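Given only the sequences and the hints, what does the whole structure look like? Please build it.
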Amino acid sequence: MYIPRERGMPPGVRWPAADPDVLRPYDELATRMMPRIVDGLRHTEIGERLPAVQLERPKEEEQAKAPSLARASGRMAIATLTSRITGFAWKVMLAWVATLGVLYDSFTVANTLPLIINELLLGGVLTSVVVPLLVRSQDDKDGGEAYTQRLLTMAVTILGIGTVVSVALAPWLTSLLMDDTGDANPQLATWFAYLLLPGLLFYGLFAVLSAVLNAKQIFGPAQWAPVINNLVIFATIAAFALVPGDPTIIPTQMSDPKVLVLGVGVLTAMVAQALFLLPALRRSGFRFRWRWGIDERLKEFGGLALWILGYVAVSQIGMVVNTRVLTAGAAGGASIYSNAWLLFQLPYGVIGVSLLTALMPKMSRAAADNDFRRLIGDLSYGSRLTTLMLLPVSAVMAVAGTSIGVALFALGKGSVEDAERLGQALAVSAFGLLPYALVMLQMRVFYAMKDSRTPTLIMVVMTAVKIPLLYLASAVLHPVNVVLGVMMVNSLVFVVGAVLGQVWLWVKLGNLRSKRVLGVILFTVVASGLGALAAVVVGWLVPDALGPVLGAWVKLILQGVVGIGVSFGVLIALKVDELTPVTRRITRMVRRA
Amino acid sequence: MGTSTRGGSLAPGGVVGDGRYRLLAQFGIDERAGAHLWRARDGQLRRDVALTMLVGDPADAEAARLGRRTLERAAHAAKFNHPGVARVLDVLSLGNGISSSEGLLGIVVAEWTKGTDLIDLVAERPVEPGTAARMVQALAESVELAHQSGLVLGLDHPQRLRLTPDGRLRLAFPGPLPDATLRDDVKALGAVLYLLLTGRWALPGGPPAVPAAPRSPTGRVVPARSLEPRVPQELSALAVRTIEDGGHGGIRTSAAILRVLDEAAEAAERTQYIAKDPNVDPDGGVWTTKKPVKDAARRRKLALGVTVLVVAAVGILAWLGMMAISFFQDDPESSGPPVNLADPTPTQQQNPPNQQPQNPPAPQPGANGEPVAPNEVTVYNPEGEGDSVEDAGLAIDGDPATVWRTDEYRQQFPTFKAGVGLVATFDSPLQLAKVKVTADSPGTDVEIRIADDADPALDDTRVVGSGTLEGTDTEIQLQEPTSARYVIVWITSLSGEAPRFASELGELTFLPAG
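These protein sequences, in sequence, are chains A and B. So the first sequence is numbered by the numbering used here: it starts at 1198 and just counts up by one. So the second sequence is numbered by the numbering used here: it starts at 1259 and just counts up by one.
Simulated from the structure, these hints should not be mistaken for laboratory data. Since we're looking at a predicted model, the values are computed, not measured. Keep in mind that the hints are not guaranteed to be accurate.
As the list claims (entries may be wrong) - Here are a few chain B residues that face chain A, going by a calculated C-beta distance under 8 Å: (1) R1557; (2) V1564; (3) I1583; (4) S1584; (5) E1641; (6) Q1669; (7) K1694.
As the list claims (entries may be wrong) - Each computed DSBU-like pair below joins lysine-lysine, with the alpha-carbon atoms no more than 35 Å apart: (8) B:K1337 to A:K1338; (9) A:K1705 to A:K1772; (10) B:K1559 to A:K1705; (11) A:K1338 to A:K1413; (12) B:K1559 to A:K1647; (13) A:K1559 to A:K1647.
Positions of the beta carbon are idealized from the N, C-alpha and C atoms, including for glycine.
Here is the structure:
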């Protein structure tokens, strides 16, 4: 069922996700499961018995391959980082010019619509089934041309129909996502949805095309295309700031220049992102032709795809309820939430993902070899490292959350009050950072063990906990504070997920050496607590006279440095074993830089 | 022979066979024949091959003769084709691909068998009896077929065998010993089965990596069942009876082995099938004492319990957290209007400082004349189209029951806009002293502004009076009577509560001075 992939793949490359922030642990199936090396690598173990044995592959081959792969992954890292930074930048900039209010809310809701629909139509199936087969089809007699044409025909058809239907249903979709009892303005969101939903076609096409390119060993364009997308949005935001009008005045009109500029601009960005890939595709020698039919091989994957579809569907239900609750609260809820969530994810995106990239291939191999001892070892090590790296960060986040919000979002037209609310949302949810990272790690382990069912079931439980808690938040809290409650519920749900993941992994694998993980968590909690305390004290020293934004920056930097410094100082003083390789690694990285 | 097994030149990366084969990794040594087993890369056809390299001194006539014999037998086997045996691709002998200086007597080149080393397979723990039977079955078939054509395969060494990805054992390094017989092949089948079941090698000359099978004081191999209790009787007996040379009940043909293996594999699968049932029904009785099954079931129950506990705990935590949020953030309104730093919106520039509701100034008694009806009333909304434009006339139609309503706002003014109002146009200027507002919108803050035309900018209007609507009739006295042709009743604060703000004006009456 799982396909050995013999081609070299730079370690950093992920399967294309048009939005890097979609939770997709199942992409592990596509990226890591496939390189199950049936023949090879095991033989190195012989070396332990027979000293005469060393290499299993001739050296020339290895040398010829290695540098290009390393260079490719280096370039990839730059591209990914650039696209992430620019992606975050435009969201912040939009907050400066549009304020975290009704307009931004409506835009956010409308902008998630193509994402959700694309994920439901293509996302799960694409990453889990189609892409691995795409890689395998490269060995067909025609170099995979027929399969690719069939795939593109299917994707364009599905996306085309999806686009037409969803545009037609736009008012219904926005009313599904938005609760109009609150401050939200469904009318405005609908105008945006009309403008943004056609982007679904290009958005999905981008994902498919970059999968095709990746399978052809062309990684660059797919990594840089999101940067193009973000650059176009930068221009759009500049234009948005310049045109007059206030589309939030009720009743709104679609012809309001601000609505038109933002909607059409972002749509153009999506189109540009997809078109950017076409020249590369032509250069690779691929010619598109309509070709109908379904590849026989797709059927092998039926059961697997169904569970992943279930995962996608359940997580989207959670997201819809989330958005509804947010829009039922005070204005700015949806936009504050989406930005706070971006910030929340940032440390995981930087630290967690790089850890995963290093660990996952090992864990997948161990899982594929049924070597549970090694798998458990790696899992425990991964959990401990994640704990050490992320807990101090989340402590600082909890203390300096408000400063982060004000420092980033109180510029331009953004108000200090909204920025503070964003920061508070970040602060109350900061404790969820570690559980979140653990959930992502555990789910990947499940998928590495070819178990696509348990992650879906865990997701079901998480969503089942989340929905009532979200409604509780909207009932108990003042509308202005709903967003804080929602972020907190999110983090709590990740706590549920992390415990569940650990417990069910234990059911499957036996003793997980959780005691050691708990020990490290305890140590780190103590250290982070001290770090947080120090950060609070430092925060008092900053005079209020600096003004809100400058003061926030000073506070943020001081508290960040002091908090992290004290936490790691305490950890080093406590002589936590796991820290030594990390410090060594960091010093090496610093030296290399 | 045993002394000649160290081929000095054999190391990974080295080449043999006139440079055609590059050595990749060693997979073992059959010490009895001095045969080094290697994986190599065929440089011409770019594929991997399995090399059985006979190491020895070509000057030693006896060794050379034995080597030739092995090569001949391997060459015979090249005709043989069965999935259980790697195909022999080439046989290199002295002078034919091998120079006398290499320290080699000959090489048997066979296709490479993908899969797992047999010794790796049993290194951790023995194989399930049913699986083991199936594995050996494939091998026994090929032995049976080879024996029918009189070929000896020479599989009596565990490192010569590999397990293919589809779970069959395969002779990966062919090249039988010079003196190997058909009987040796059959014995080897028994020994392989014994190895899979117990992890021990029961024939002489096995590799050092595998422990030798224990023997009873009489010199017989201990049955597999006494080492691994779960091995079924038939399989245990089959292995021992095949290995033993002794007369009673020895199995001597592969056909007989095949028969027993078939039965054993089926029996094992049946048992496994039954053994799985208690998973479904934990109270099934007989099998519930099996430890792993019980363990898994208990773990699952425990996991469910933990799930429920965690969910409950998180629910409580969430509630407490929300209480805390409400407590610390209890009064969001008290934090005042948003403060804009860099670029205050026009909305707020226009906003007059007197946002706070002002009590109407003390009325000036007796200052009023007869009400003057305005010529027309339109909605005044300098920042857009305006609210309920077509209903504006209802505010002067003489019927307080028909009202002009603002739109419903989710936030109080001035969040969306500074305000909204009605502008009354009179044919000629009047000396306005008082405006009477009949409305059912308590709490609405109203300003009376006068303007020079019907649609002025808010900045061009002057505030001449203000008040808060209470009850149904509110009189707003101007600070002093003012001459005006255009009078704006400007709502700066709406009635209602978050998140629904709206005000309605039933009737406006304009009273001039005197």
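Enumerate the violated hints, using their earlier numbering and listing them in ascending order.
-> Number 7 - this is the single hint that the structure violates.
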